[in-house]
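With the hints as a guide, bring the two chains together.
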Amino acid sequence: MIRIDSVTKRYPDGTVAVDRLSLEIPDRSITVLVGPSGCGKTTTLRMINRMVEPTEGTILLDGEDIQRQPVTTLRRSMGYVIQNAGLFQHRTIVDNIATVPRMLGWGKQRARERAVELMERVGLDTSLAKRYPYQLSGGQQQRVGVARALAADPPVLLMDEPFSAVDPVVRKGLQEELLRIQGELGKTIVFVTHDIDEAVTLGTMVAVLREGGRLAQYAPPAELLSTPADGFVEDFLGADRGIRRLSFFPAAPLELSTDAVVPADAPAERIAAVGSPYLLVTGPDGRPLGWAERDRLTDGTVDTGRLLPYGRPFVPGADSLRVALDCAVLSPTGWAVAVDADGRVTGVVSQRTIGEAIRAAHSAGRAEDEKVAG
Amino acid sequence: MNVLHFVNAFFSDGAHWQGYDGIPQRFWEHVQYSVLALAVASAIGLPVGLLTGHTGRGGNALALIANAARALPSFGLLVLAVLLIGFGLLPVMIPLVVLAVPPVLVTTYEAVRSVDPAPVDAARGMGMHESRILFHVELPVALPLILSGLRSAAIQIVSTATIAAYVSLGGLGRYIIDGLYQRDYEKVVGGATLVAALALATLALFWAAGRLTVSPGVRRR
Chain A
1 MIRIDSVTKR
11 YPDGTVAVDR
21 LSLEIPDRSI
31 TVLVGPSGCG
41 KTTTLRMINR
51 MVEPTEGTIL
61 LDGEDIQRQP
71 VTTLRRSMGY
81 VIQNAGLFQH
91 RTIVDNIATV
101 PRMLGWGKQR
111 ARERAVELME
121 RVGLDTSLAK
131 RYPYQLSGGQ
141 QQRVGVARAL
151 AADPPVLLMD
161 EPFSAVDPVV
171 RKGLQEELLR
181 IQGELGKTIV
191 FVTHDIDEAV
201 TLGTMVAVLR
211 EGGRLAQYAP
221 PAELLSTPAD
231 GFVEDFLGAD
241 RGIRRLSFFP
251 AAPLELSTDA
261 VVPADAPAER
271 IAAVGSPYLL
281 VTGPDGRPLG
291 WAERDRLTDG
301 TVDTGRLLPY
311 GRPFVPGADS
321 LRVALDCAVL
331 SPTGWAVAVD
341 ADGRVTGVVS
351 QRTIGEAIRA
361 AHSAGRAEDE
371 KVAG
Chain B
1001 MNVLHFVNAF
1011 FSDGAHWQGY
1021 DGIPQRFWEH
1031 VQYSVLALAV
1041 ASAIGLPVGL
1051 LTGHTGRGGN
1061 ALALIANAAR
1071 ALPSFGLLVL
1081 AVLLIGFGLL
1091 PVMIPLVVLA
1101 VPPVLVTTYE
1111 AVRSVDPAPV
1121 DAARGMGMHE
1131 SRILFHVELP
1141 VALPLILSGL
1151 RSAAIQIVST
1161 ATIAAYVSLG
1171 GLGRYIIDGL
1181 YQRDYEKVVG
1191 GATLVAALAL
1201 ATLALFWAAG
1211 RLTVSPGVRR
1221 R
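For the record, the sequence lines run as chains A and B.
For the first sequence, our numbering begins at 1 and goes up steadily by one.
For the second sequence, our numbering begins at 1001 and goes up steadily by one.
Hints were generated in silico from the structure; no laboratory data involved.
Being a predicted model, the structure only gives us computed values, none of them experimental.
There's no promise every hint is true.
Sample of chain B residues with no beta-carbon within 10 Å of chain A, all distances over it, derived [as the list claims (entries may be wrong)]:
(1) 1011
(2) 1048
(3) 1094
(4) 1119
(5) 1136
(6) 1140
(7) 1166
(8) 1183
(9) 1201
One side only, chain B facing chain A, incomplete, derived with CB under 8 Å [stated by the list, open to error]:
(10) 1137
(11) 1215
(12) 1216
Which residues of chain B face chain A? A partial, calculated answer using Cβ under 7 Å [to be verified]:
(13) 1004
(14) 1118
(15) 1122
(16) 1125
(17) 1127
(18) 1145
(19) 1217
(20) 1218
(21) 1220
Backbone N, C-alpha and C fix where the C-beta goes; we use that ideal spot for every residue, glycine too.
So that you can see chain B by itself, here it is in the shape it has in the complex (with noise of 0.2 Å):
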């Protein structure tokens, strides 16, 4: 008995690909719980860390919140938040969001600062407003470093998104926990697979928004 004849029994037994608690079916929660936490951590991370970035005013004060989220335990976080708010999707999503914001926040922020800041000069100089010199100068060449903060952010939430399987939602966390429970380690096996699939899936659409958003000109190919 090995991992791969875990993995093959798993995915052959044609009971895995349908019903409620099909592959398809967990497949499709886990990406949602990812992509609504990806959404939420982007939608706190990304206006502030380019606002940041820009103005350059309040990095140190960044670093620290991020840096003291960054030592929450997500599991923690996650027991915390059942307790206060009760079962359900919102207790799930706060730890994974406090999870994405720092990696999301912090490169977004370095990655606008660290734009050269000849042409940003230039194109003040030239008389564009402040708000199209971030978007027009900064940004795209900022991008590179921006999508890398995203992917690191939705690789961990990807993995950590696990979790929603303790507080009794779906997603791929309920193979391995139900997996475990049972004792049946060909499940285990099946739904960490998946979890790594899912994972290698997120890391192929960044590199293809990276391809297609990203000029050629900063991209130097």
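The shape of chain A in the complex, shown without the other chains (with noise of 0.2 Å):
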């Protein structure tokens, strides 16, 4: 465990980065340092490993201060990935990864294999091996930054920023990547990061910093979006913290309906009995064709050729409620479509009653905190 007690950091010019900030950092999991710029995340991250000296507090390594071990022997204890990556150019990738086994004394054979390896962890092509930085893209430069600080297998990671210079498809790809890893490895990883989503989305624990180095608030992000400390942290929250919160309500208690769901090829006595307006068709492997009108049928039979597009389904099992309110929110008919893991429609279910959902997973949330603060 890192311990982070009253440590402040100011510059010779009277510039406080960070105040007297106190966090206990859990093991094996990751803790998100986030906030405005200039609220001194990336100045406390850089203190975890001495790159800055704190003015005043001590850091606690697994109840070790940190400087009583020399920086060097420090740092190659802990991985360490930046923005940009910071490759080093004129070597290749898997010489790039296996700078700190090579450091740690290494022989060349073992200290390539071990790179290899982790190209494959991190999810690189290992047919980039004898390649260049310049000559990967930014996302795979920041693969072999990842790499790179997993070389020597160290317990603690520290990431400053670095999915920040990715454009946001190849970031989501890398933070599905990072939640990969973390599942298999379970380091302790502390993350740097300006955008709250990330947070979110990364977090076990979310520390949200203010200007001038101070903690406003440290919780796990569910609660960080049910029950903002103050003000601040509501605002650096922004507007749908309400959506992004049912992120973390699964979509699987969700009542599906059946009725309206019919095959394409289905009688007209069995299309009369659905009472909803709309019916969802689907084919004869099961998946869904897209919607059909009740009012509008001809002959009350199904015309497959006349369908409204069904949109995106959500798997029950696997998605949350926002991405079931989501698909909801984008159906033409204002009804969400669930599926099984193979695609095979399991139900539908209406706005409505995801609304209702969301208000049964919220006041069991509340009851959850009231028996913690009971």
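Here you go:
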């Protein structure tokens, strides 16, 4: 565990970057430091590997003051990933990744083998091993940066806005990859970002810092979204925090209706029995084809050539209420289509039903909070 | 009579190819002076440039000294050195080294200073020692620029080393100075051609050195 104990960083000109900050960073989890620019998040991170020395206070790593070991030994026990990756452009990808093992005295062959193994782990094609950094895209370079930080298998990983410089699509991929790697390796990760969405997506715990380097709130993301500590945190979370919070509620409890789901070749009497104005038509394999309006059917049966698009379906076991709501909002009928892992329709659900599920989830969440508080 | 005629006449004269005043001997002397001057200038300019570039300190003082050194006339310095020290190799080396240190020093400083700070930060953060950062992270990236500083110093040395002949040393300057004195323009043009050829050979040498020592990742090719 990393324990930051009332640490202050004051520069000679009097600027206070971090002000009496205390944080306990749990092992084997991702702790995100987030806040506007000038809030001291990067300074805090850089104090953990002593790239910046605190003016006051101590930082303990597994109970021991980080000042007590040589600075290079400390840094070699912590992976370090920065924005734009900071790769060595004169070295090949495999040699970039092998840097720390080589510094630790590993043989060339063993270090390279380890590097290739890490390329696979971070989702890089090993055919890139002999390439140079300039031949890689920004996202690939950032993966190399992560692989390089992981090369000597350090227990701690410090990441300073690692995904800020890549486009949103690549960033999402990198975030998913990081969560997957973290699931496999269980490192103690300290992650700095200015992007609250990224913080909520990645963080096991999120520390929101405000200007002047003071801690505004330290909480798991769901709690941050449901009960911001003050106006600053609320503003920082943005206007749609209610919607974002739905990411933390599973869609599984939604009551699905199968009444309006009909096969394309259904007889007129089956269709006449449907109570709702829209019918979801499925193909012979059970996959959705589209929506039909009951009142506009000619001769009471479905014409598969004249269907409304069914939009994006959701998977109740895997997706959150946020995804379900999004599907319902985007659907031309206002109903979201639920499918199983193979894409076969399991039912449909209306915006009204999703709204009820949201209210139920909120009141369950409150009861949970009260139980914890009591 | 044109320049090419002089050149042809100079090089086709068998007498110019042998003895203590022959082309191989004078060429070799010139190369020796140049290499020695570049070696001394590098021994001063490279370490100081690398260190100040790495720490980022002393840059202004460096620029000041380098500019002052650039303003010194080589020939005047040579005369002054001979007056103070007497004849010999040392008074010739002084103006050549003074000429070569500024380009080596300033370009090396600038080359290291302009290395992208991100890899340096990453290297430091992963626990690399400062000396290793300088030689394994900054130097390989700064190398093309450092070589260009050495190259321009070398070219200036090669062309200026002709002044050695003024103080009765050898080198290709011998032909130019003796030729002017003897009104033997064939000799003057021949000597100048040889100096130009040596300068071109120096360029080629540095190009080859760049190909061999600069990583393809830095050359981006």
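Consistency of the hints with the structure:
{"no.": "1", "hint": "1011", "verdict": "holds, 44 Å"}
{"no.": "2", "hint": "1048", "verdict": "holds, 23 Å"}
{"no.": "3", "hint": "1094", "verdict": "holds, 37 Å"}
{"no.": "4", "hint": "1119", "verdict": "violated, 5 Å"}
{"no.": "5", "hint": "1136", "verdict": "violated, 8 Å"}
{"no.": "6", "hint": "1140", "verdict": "violated, 4 Å"}
{"no.": "7", "hint": "1166", "verdict": "holds, 44 Å"}
{"no.": "8", "hint": "1183", "verdict": "holds, 55 Å"}
{"no.": "9", "hint": "1201", "verdict": "holds, 28 Å"}
{"no.": "10", "hint": "1137", "verdict": "holds, 6 Å"}
{"no.": "11", "hint": "1215", "verdict": "holds, 4 Å"}
{"no.": "12", "hint": "1216", "verdict": "holds, 6 Å"}
{"no.": "13", "hint": "1004", "verdict": "violated, 46 Å"}
{"no.": "14", "hint": "1118", "verdict": "holds, 4 Å"}
{"no.": "15", "hint": "1122", "verdict": "holds, 3 Å"}
{"no.": "16", "hint": "1125", "verdict": "holds, 4 Å"}
{"no.": "17", "hint": "1127", "verdict": "holds, 3 Å"}
{"no.": "18", "hint": "1145", "verdict": "violated, 13 Å"}
{"no.": "19", "hint": "1217", "verdict": "holds, 3 Å"}
{"no.": "20", "hint": "1218", "verdict": "holds, 5 Å"}
{"no.": "21", "hint": "1220", "verdict": "holds, 5 Å"}
Violated hints for the displayed structure, listed by number in ascending order: 4, 5, 6, 13 and 18.
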